[in-house]
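Novice: Once you have looked at the hints, place chain B on chain L.
Residue numbers (the working numbering), protein chains in the order written: chain L, 1 to 185; chain B, 1001 to 1192.
Think of the hints as simulated: they come from the structure by calculation, not from any bench.
Just so you know, even glycine gets a beta-carbon here, dropped at the ideal spot from N, CA and C.
There may be inaccurate statements among the hints.
[Claimed, not checked] Some chain B residues close to chain L (C-beta under 10 Å, calculated; not the full set):
1) Ala-1086
2) Glu-1087
3) Asp-1172
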Amino acid sequence: MQWKNSPVQFGHISVLMHWLVAFAFYAMFALGLWMVGLGYYDGWYHRAPELHKSIGACVFAVMVFRLAWRFISPPPSPLKSYSTATRVGSWLAHVVLFVGLFTILISGYLISTAEGQPISVFGWFDIPATLFGLNQQADIAGVIHLWVAWGIVIVSVLHGLAALKHHFIDRDITLTRMLGQRRSD
Amino acid sequence: MFKKTTLGLTLASLLLAAGSATAANYKIDKEGQHAFIEFRIKHLGYSWLYGSFNDFDGGFTFDEKDPSADKVKVTINTTSVFTNHAERDKHLRSAEFLNVTKHPQASFTSTSVTKEGDGLAVTGDFTLNGVTKPLTLQAKLVGQGEDPWGGYRAGFEAAGNIKLKDYGITTDLGPASQEVELIISVEGVREK
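Just chain L, with the same shape it has in the complex:
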């Protein structure tokens, strides 16, 4: 088993975290849009936001580990076939996705904790409020939370389309190495 990244291959941990966060992001995006439209008498009115916040806290933990993992076990170098534009573009997309995901996680936390209440994670433990009582905190954090989520949707779709372009047009292993394939060049 190849757990860590190597210069020629993504390890299982990076692969797993990549797909886990990708799946969690889209699930959370759908859950978030759905839950804010629920009527007061809907059985999910309280459960859906509780789930959303709990999952968010878990994703935050995964993202912190993911960021640390980049330093502990750096990802493999870009394929030799990539042009400068591809390297710059993909670097930029990754930075935007990382910054965007952290922005969503932090702004979400700032909505729920805006008046000092903690966030309960599946009832296991509470995350206390740290920054609260700012002028219109929940409203501003809410606007950021929604629009950065849409931004991530757009950038991640481009990121996915670029990977498909590499797979079907350039016929390189950009996509398959994110499924664990080792490169042979």
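Specialist: Using the frame of chain L, we list chain B on its own:
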């Protein structure tokens, strides 16, 4: 800015004073925070949910002998709605309830005051969510007199019920939660 405020206050006091020559003007004691605008609504029909508007200002005139000349004006900054629950307050500020970006202010301006039992019936125009409708508040003088710092104060508590639907708030909170009771409990400092 300062000039504008001064002018506004002067105009406001002129308007307030216009009712009667003998009635005294009282400014709501916001500085000392002896003033509260609260509301309560039934939750599911099982309990009362209390909330408040933390940012408001206003004044009243009070003539004990001739209450019919009394005037009341209160302006509320609706973004200051507070129920001690961040997500609920955000929801209340949204377009589903108070729509505070579009209607940042609510106000009550009295049009007539009549004696009713040992209290006063204060009828006026209440504006909320951009809708203005007549509203009658049942007011009671809590007490009045000199304060220890050289001023004179009078305090009232007034309450009235509004239907959310009347003010264009159509989000359904259930059959027991169609009405909100508005409670204005203020101390006024007599202006010299």
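Novice: Against each hint, give a clear statement of whether it holds in the structure.
Specialist: Okay, the hints, checked on the actual structure:
1. Ala-1086: Since the shortest Cβ distance to chain L is 4 Å, the answer is holds.
2. Glu-1087: holds (6 Å)
3. Asp-1172: Holds: closest Cβ of chain L sits about 7 Å from Asp-1172(B), inside 10 Å.
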